[in-house]
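Peer 1: Here's the letter readout for the chains.
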Amino acid sequence: MKILRMFFLELKRLLQSRLTWLTVLLTVLSPAAGLTFFCPATASTMHSVYLANPAMAGGAAAGILFGLLSIYELDRVSRSRMDMLMNAAVSPMSMALARLMALLAAAAAALALTMLVWLPVTWQLVGAVFSGTDYVLAYLLFMGLALPLAVLAAASACQFTHRADLSLVLFAAFAGLSLTVWAGNWQLCWLNPCVWALSDDFTNFRIFRSVAYMRLTWLAALAGLWAASWLCIRQYGKGLLGSLARSARRIYRPAVALALLAAASAAYVAQPFVDHSNPDLTVMDFYEIPYAEGVVCTGRSAQVFPDTDAGTVAGRAVYQFQNASGREQTAAFGVTPGYTVSSVRINEEEAPFQVSSYQEFNEAMLEITLPAEAQAEVAVEYGGFPQESRSTSTMQGHAEISAGYLCLENASLAPRLMNVLPDEGMYPAVIEITLPVSMTVIPFCSSEAELAAVHEDGTATWRYRYNSTGGILYAGDYIREDIEAGGITIELYYGRKHQEVMEAAGAVEAVKAVADYCTEHYGALSFGTGETLKLIQSRTAGGGYAVDGASLLDEADFTAANLNDSGKGAAAGEVMIHELVHQWWGLGNMFDTGDGSELWSAEGLTVYTTYRIVKELYGEEYARKNYVEQWRRAVDDYYLDFYVRHPEYLEMLPEERQLEITNNLMYVRQYCEMPLKILKAERLVGGEEAMDRILNGLFNRELDPMYPYLTYQEFLDACGLDGEDLNLDENISI
Amino acid sequence: MTKIFRYECRRLLWNKFFAGFLPVFLFYGWQVLSHMTIRGVAHTAPFSPWSYGDYLGRMLPLLWIGSLFFLTFFTSGRARRAAALTDAAPISPGRYALARCAAALAGTALLALACAGGAAAFYGYYFGWRQWGGLLLPSLATLVPPLVFALGSGWFLGRLRAWLVYPWMLLPLLCRVLPIPEALGLWNGTFFTEYPLTLNGLDPVFSLPAAVIAAQVLLCLAGAALLAVSVAEGSQ
Numbered sequence: 001m002k003i004l005r006m007f008f009l010e011l012k013r014l015l016q017s018r019l020t021w022l023t024v025l026l027t028v029l030s031p032a033a034g035l036t037f038f039c040p041a042t043a044s045t046m047h048s049v050y051l052a053n054p055a056m057a058g059g060a061a062a063g064i065l066f067g068l069l070s071i072y073e074l075d076r077v078s079r080s081r082m083d084m085l086m087n088a089a090v091s092p093m094s095m096a097l098a099r100l101m102a103l104l105a106a107a108a109a110a111l112a113l114t115m116l117v118w119l120p121v122t123w124q125l126v127g128a129v130f131s132g133t134d135y136v137l138a139y140l141l142f143m144g145l146a147l148p149l150a151v152l153a154a155a156s157a158c159q160f161t162h163r164a165d166l167s168l169v170l171f172a173a174f175a176g177l178s179l180t181v182w183a184g185n186w187q188l189c190w191l192n193p194c195v196w197a198l199s200d201d202f203t204n205f206r207i208f209r210s211v212a213y214m215r216l217t218w219l220a221a222l223a224g225l226w227a228a229s230w231l232c233i234r235q236y237g238k239g240l241l242g243s244l245a246r247s248a249r250r251i252y253r254p255a256v257a258l259a260l261l262a263a264a265s266a267a268y269v270a271q272p273f274v275d276h277s278n279p280d281l282t283v284m285d286f287y288e289i290p291y292a293e294g295v296v297c298t299g300r301s302a303q304v305f306p307d308t309d310a311g312t313v314a315g316r317a318v319y320q321f322q323n324a325s326g327r328e329q330t331a332a333f334g335v336t337p338g339y340t341v342s343s344v345r346i347n348e349e350e351a352p353f354q355v356s357s358y359q360e361f362n363e364a365m366l367e368i369t370l371p372a373e374a375q376a377e378v379a380v381e382y383g384g385f386p387q388e389s390r391s392t393s394t395m396q397g398h399a400e401i402s403a404g405y406l407c408l409e410n411a412s413l414a415p416r417l418m419n420v421l422p423d424e425g426m427y428p429a430v431i432e433i434t435l436p437v438s439m440t441v442i443p444f445c446s447s448e449a450e451l452a453a454v455h456e457d458g459t460a461t462w463r464y465r466y467n468s469t470g471g472i473l474y475a476g477d478y479i480r481e482d483i484e485a486g487g488i489t490i491e492l493y494y495g496r497k498h499q500e501v502m503e504a505a506g507a508v509e510a511v512k513a514v515a516d517y518c519t520e521h522y523g524a525l526s527f528g529t530g531e532t533l534k535l536i537q538s539r540t541a542g543g544g545y546a547v548d549g550a551s552l553l554d555e556a557d558f559t560a561a562n563l564n565d566s567g568k569g570a571a572a573g574e575v576m577i578h579e580l581v582h583q584w585w586g587l588g589n590m591f592d593t594g595d596g597s598e599l600w601s602a603e604g605l606t607v608y609t610t611y612r613i614v615k616e617l618y619g620e621e622y623a624r625k626n627y628v629e630q631w632r633r634a635v636d637d638y639y640l641d642f643y644v645r646h647p648e649y650l651e652m653l654p655e656e657r658q659l660e661i662t663n664n665l666m667y668v669r670q671y672c673e674m675p676l677k678i679l680k681a682e683r684l685v686g687g688e689e690a691m692d693r694i695l696n697g698l699f700n701r702e703l704d705p706m707y708p709y710l711t712y713q714e715f716l717d718a719c720g721l722d723g724e725d726l727n728l729d730e731n732i733s734i
Numbered sequence: 735m736t737k738i739f740r741y742e743c744r745r746l747l748w749n750k751f752f753a754g755f756l757p758v759f760l761f762y763g764w765q766v767l768s769h770m771t772i773r774g775v776a777h778t779a780p781f782s783p784w785s786y787g788d789y790l791g792r793m794l795p796l797l798w799i800g801s802l803f804f805l806t807f808f809t810s811g812r813a814r815r816a817a818a819l820t821d822a823a824p825i826s827p828g829r830y831a832l833a834r835c836a837a838a839l840a841g842t843a844l845l846a847l848a849c850a851g852g853a854a855a856f857y858g859y860y861f862g863w864r865q866w867g868g869l870l871l872p873s874l875a876t877l878v879p880p881l882v883f884a885l886g887s888g889w890f891l892g893r894l895r896a897w898l899v900y901p902w903m904l905l906p907l908l909c910r911v912l913p914i915p916e917a918l919g920l921w922n923g924t925f926f927t928e929y930p931l932t933l934n935g936l937d938p939v940f941s942l943p944a945a946v947i948a949a950q951v952l953l954c955l956a957g958a959a960l961l962a963v964s965v966a967e968g969s970q
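Taken in order, these protein sequences are the chains called L and G.
According to the numbering used here, numbering within the first sequence proceeds without interruption in unit steps and concludes at 734.
According to the numbering used here, numbering within the second sequence proceeds without interruption in unit steps and concludes at 970.
None of these hints come from the bench; they were simulated from the model.
In this text, a Cβ means the ideal position worked out from N, Cα and C, and glycines have one as well.
Hints are supplied without guarantee of correctness; some may be wrong.
Claimed, not checked - Some chain G residues judged to face chain L by a derived CB distance under 8 angstroms, without partners named:
| # | residue |
| --- | --- |
| 1 | F755 |
| 2 | Q765 |
| 3 | I772 |
| 4 | R773 |
| 5 | T778 |
| 6 | L796 |
| 7 | Y860 |
| 8 | F861 |
To be verified - To give an idea of the interface, some chain G residues facing chain L are shown, with a C-beta separation under 10 angstroms as derived from the structure:
| # | residue |
| --- | --- |
| 9 | G774 |
| 10 | F803 |
| 11 | M903 |
Assemble the whole structure, with the sequences as input and the hints as a guide.
Peer 2: Spelled out as structure tokens, the structure:
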């Protein structure tokens, strides 16, 4: 009760200080920095630009302000040389507790005021896609939790050092590290969380969970640090160690501090959001596992039960094998890190299994020993919170699972068979997924999902069939629009909240233009399962992918902000263009990346074709500036990079640093250098029309069923060139 | 005079502040070197004068804060209260102020040396690179003008109002986020990342354009002038 009374007195005193009100005023104004010069979220969605950036800027600025206010306030008594008197009247430890509570209360009031002031502003700026839930969570997590962290850090520094100057330096260095060196480490950037995008059309719970986890880890660490520093508060004229020895007599005090620090360390080490995949992206050990001899998979099925409240998945997958080898064989499956395999049953009997601690490309390996019997039915029960790949740890949010949106890719849908060949029927699969009845289920393939059952608890079970070892599934509040283009029907799926923007941006016309362009220039697509192609809008992901019969469209392709960008035209849609073009280059025509040229892949021709379409849609100037000049710059940067020119210095670095550098450089060759080479080839063969004739010929060539790939040599032969001709030793001009 | 200088140096450097500041400063420097400088800037080596200059630019805010904190030993309210005693000492106030000024400069130089020493240790440890002579010019160009200016302006402001030194500590941080003229690119680090790209050839020799030299010289002169004014006022 005494502490509570002191807290109210201290809060009252704090609120009478002009410096406190100045801090509150600056806190309320601080989100404006996120609209001007502090913009860590790079995505172009409305929530990223007008909500995430202001909230994070507010968090960073207000955190620093409240940290400084804390140091000023905690040093006040000592500065005015009243500490002896004060300590005689009140226990300095009780006083420190009351001051901390008062500072935290003032911070909470400042946050509440900021949220009230910025609510109408954000609503106005974000427009039709504004979400109240996102607003509250963004301000509470991105901004709000920065304030107690800053107060605790500053107060700890004060209590340890007993000096305002040293506390200021410690706090400045701690904040400076977060804003600069640690900004790319999602667990360390305590002041400015790694948030690159917030979705407008779908939910953002995964990224909110990640930020909350990071902030709560730091909260435990700094609360532990504060508790330790609290024991060091100078009393009875003793120094740091003397005071510590005296305060620690009550054993629960250091025990609480240690427990908090231990909890923070455990939370840091055992974070559930990002996997431990091999950081070397050139290693593909899982693809080199030998196939189980004499074993074929004749079918598989899976029942998947996502928990849309907890963001987890539970499932049961069943695989049928025929073992003609007459001996035991090992079947390997890819499992998403974060999932736990709870049981494996073979022919209804419990069987041993092991999951590797080694992870690669967001998969761990589950190994099961198949019996020597001719038939084996393997049932795997799995479930958990899917982790995202460490290589994209600063771009989290991809593994969103909620009642508004869900994306399960390959091993996160069901364990992916790695080393067993199919029988004649390929890998026939039946997938059943149970989700809230409001969600539309869209398999990312040519199959259609059908409603199998509606349950009383407000969920429904959907079923679909297809042929593959993996599989991708999207679900959410989608609407569908059918487009006839290029002789096929394109089923365009996009979020209901996006309808207004899609109509205003002319998305249908843009999709039609791309399909018509590719059909006209290279030839018509054909699908084994019918003349339809799905184009599915994903939650903002910064990129996309395509499979036979389905391509992705990024939410950021068509945003209200793009509508006002006169340079781009009404619709940018460049991820959509790229992924749609992959239906021609990459799927319609497959590429052998192991043909000796590390540059050659589907990406070269796809990026080149995207450039040509963008040039036709948005003009030559836009295409040159945003494609050719950017490729040139990236390629120049690559070849001029110090470590590319002097690999001997790269070898001197620790492996972790080497991988950081090489991974950053890797994409340039496929995505920038090869398109530049194709552009050079275009010039050498006589221009765009000549190149279109060559590509048309390549697309429609007669395929060798034993080796259906398009090789770099075939491309060069068709152009009448050799590799030397395409060396980039002179400027490319268009 | 030497005795007072030594005494003031001891006051500045043999205390809890310096003992706490130095490890924090070195840790921060190592983090910058091992996460950012290691990539090199403008296609140059991590140990090129340009990358080293970029490192110094990133360390400048902490160096600035450290040197201003040195000044608080002389400008704080507590120091002013003690001035009644020191003024009564049998020594010329001008020489006393000069000795203090020299001590502050020595303390700041020591921090700058620690900063450079950290980089030298890093380059030796990772790359076995020890041609430190080439880093002298970027060190002088990057650190001397702002630190002289920090001492001069800080002392001047501290004499006006002791608390003014504290908001003044934010200046280099503001320079890093607000748009400033190109000639002051050394202050926000853009000079080291952008200027080498405008020079012909790979791994260009370290050089400064006239505008940057002029800005740095002016800054240094302004700092020295403010220091002289403060010392002169202190001697009255």
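Peer 1: Going back to the hint list, which numbers does this structure go against?
Peer 2: none
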